[in-house]
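If you use our numbering, the sequence shown corresponds to residues 43 to 257, in order.
Possibly wrong hints are sitting among the right ones.
Computed cross-link-like contacts, DSSO-like style, restricted to lysine-lysine with a CA-CA straight-line distance of at most 27 Å [unchecked claim]:
no. : residue 1 : residue 2
1   : Lys100    : Lys137
2   : Lys237    : Lys137
3   : Lys235    : Lys93
4   : Lys235    : Lys152
5   : Lys162    : Lys234
6   : Lys94     : Lys256
7   : Lys162    : Lys137
8   : Lys94     : Lys255
9   : Lys100    : Lys132
10  : Lys93     : Lys234
11  : Lys162    : Lys235
12  : Lys234    : Lys132
13  : Lys132    : Lys86
14  : Lys137    : Lys152
15  : Lys137    : Lys256
16  : Lys100    : Lys256
17  : Lys93     : Lys255
18  : Lys255    : Lys137
19  : Lys237    : Lys94
20  : Lys188    : Lys86
21  : Lys162    : Lys132
22  : Lys132    : Lys93
23  : Lys132    : Lys152
24  : Lys152    : Lys255
25  : Lys152    : Lys100
Hint data in this document are derived by calculation from the structure and do not stem from the laboratory.
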Amino acid sequence: MQLNQLIELSIKGGFTVIVLLLCSILSIGVIIQKSIYLRGLSEKVTSEFAKKLFPLVKDMRLSEAVELCNSLHWKFAGFKINTPLTNVVKYILEKRETEKNDLLDLSYNKLDTEITSLEKGLGVLSTLGAISPFIGLFGTVVGIIKSFEALSLSNTQNYSQVMAGIAEALIATAAGLFVAIPAVLFYNYFMKKIKLSIPGFDEVILELVHLLKKS
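Produce the complete structure using the sequences and hints provided.
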């Protein structure tokens with residue numbers, strides 16, 4: 043769809059469609075942001091990191107382990123983005139001396155913080171997915187009301203105003219679904235990706251704490 047067609051539909055759809063268009067922009071922004079930040083959440087990345095990390099910890103080359111954590115990041119628009127697991131591992135290595143007895147509890151507290159950070163913003167997608175159809179429904183009702191109002195005032199067979207109201211109603215319905223469907227799909231995808239990564243994080247944390255307590 044070309045830009046001028048999109049603008050024309052937005053005008054025909056009225057205020058409701060303009061609101062939904064803004065919701066769509068917000069939804070796309072969140073989807074792009076979370077796609078970037080969740081890039082490092084995969085079983086393969088976790089497994090490869092663990093294979094490099096554990097030999098260093100076993101040999102007590104902890105400074106090299108920290109360097110390994112620092113090296114696992116990617117850059118976007120000038121910002122360095124670390125993976126949640128490397129943040130937790132670095133935290134464990136920093137606390138290994140001062141908090142050795144409570145290391146596991148501290149590790150899971152830190153992991154909870156990282157998971158909460160990953161989920162930040164997903165509530166926006168969930169909310170948009172829930173309310174967008176209702177905003178569209180509101181626009182549909184308004185359009186139908188305009189159609190019947192135009193029909194009651196019409197003294198001729200010219201039903202252009204009636205058709206305009208029906209068009210507004212249908213555009214509002216379509217716009218509501220257009221916003222809601224991707225928001226719900228990506229919300230579920232991101233939440234599933236986060237949840238599937240947690241068992242792998244747990245395994246690395248348990249093994250790391252075990253190795254540090256043995257040393």
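For each hint, the structure was consulted:
1. Lys100 x Lys137: 17 Å, holds
2. Lys237 x Lys137: Distance of about 26 Å is within 27 Å: holds.
3. Lys235 x Lys93: Holds. Lys235 to Lys93 sits at ~22 Å (cutoff 27 Å).
4. Lys235 x Lys152: Judged against 27 Å, a Cα distance of about 19 Å means the pair holds.
5. Lys162 x Lys234: Cα-Cα ~14 Å, so holds.
6. Lys94 x Lys256: Distance ~19 Å between Lys94 and Lys256 Cα, so the pair holds.
7. Lys162 x Lys137: 26 Å, holds
8. Lys94 x Lys255: Given pair Lys94, Lys255 holds - Cα atoms ~19 Å apart, limit 27 Å.
9. Lys100 x Lys132: Distance of about 16 Å is within 27 Å: holds.
10. Lys93 x Lys234: 25 Å, holds
11. Lys162 x Lys235: 14 Å, holds
12. Lys234 x Lys132: The given pair, whose Cα atoms are some 25 Å apart, holds under the 27 Å limit.
13. Lys132 x Lys86: 20 Å, holds
14. Lys137 x Lys152: 11 Å, holds
15. Lys137 x Lys256: 15 Å, holds
16. Lys100 x Lys256: Satisfied, since the Cα-Cα distance of roughly 9 Å is no more than 27 Å.
17. Lys93 x Lys255: 19 Å, holds
18. Lys255 x Lys137: Holds, because 12 Å separates the two Cα atoms, which is no more than 27 Å.
19. Lys237 x Lys94: 24 Å, holds
20. Lys188 x Lys86: 56 Å, violated
21. Lys162 x Lys132: 22 Å, holds
22. Lys132 x Lys93: Measuring from Cα to Cα gives roughly 16 Å; hence the hint holds.
23. Lys132 x Lys152: 10 Å, holds
24. Lys152 x Lys255: Satisfied, since the Cα-Cα distance of roughly 18 Å is no more than 27 Å.
25. Lys152 x Lys100: 23 Å, holds
The structure does not agree with numbered hint 20 stated previously, though it agrees with all others.
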